[in-house]
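Residue numbers for the sequence shown follow our numbering, so the first one is 1 and each next one is one higher.
Please note that a few of the clues may not be correct.
Said to hold, decoys possible - The calculated label-pair distances, taken between Cβ atoms and stated as ranges, are:
no.: 1; residue 1: Gly98; residue 2: Ala75; range: 32 to 42 Å
no.: 2; residue 1: Val62; residue 2: Leu87; range: 14 to 24 Å
no.: 3; residue 1: Gly76; residue 2: Glu101; range: 32 to 42 Å
No wet-lab data here; the hints were simulated from the structure.
Think of the CB as a built atom: it goes at the ideal place given N, C-alpha and C, for glycine as much as any other residue.
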Amino acid sequence: MPCSIRRGGTHDAPALGRLERECFGDPWAESSFREAMESPWTFGLVVERAGQLVGYLIARDVAGSGEILNLAVAAGHRRAGVARALLYHGLELLRTRGAEEAF
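Kindly produce the complete structure, drawing on both the sequences and the hints.
Listed below in structure tokens is the structure:
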């Protein structure tokens, strides 16, 4: 099934919060996603399939260092390359933003 990756925005916070609660026992709050999307040094990427948000990556860069803060894929979409695609695009975006290393 085809998917698309795009930059996340504050409007994605409710869906990100739902997916976060599905994937993790100690989830980020919806407000944490909103704050991350508003920050100039943090960005989010989301994956959509058939109009549904099925994965995301949150990362930041500061002073030449990048950090993957959070990554999740919905249970029904795992083992299909979604996380790999998110990491690839996230690392490329960190590189274009000046990160020389990533953690």
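Hints, one by one, checked against the model:
| no. | hint | verdict |
| --- | --- | --- |
| 1 | Gly98 to Ala75: 32 to 42 Å | holds, 35 Å |
| 2 | Val62 to Leu87: 14 to 24 Å | holds, 19 Å |
| 3 | Gly76 to Glu101: 32 to 42 Å | holds, 34 Å |
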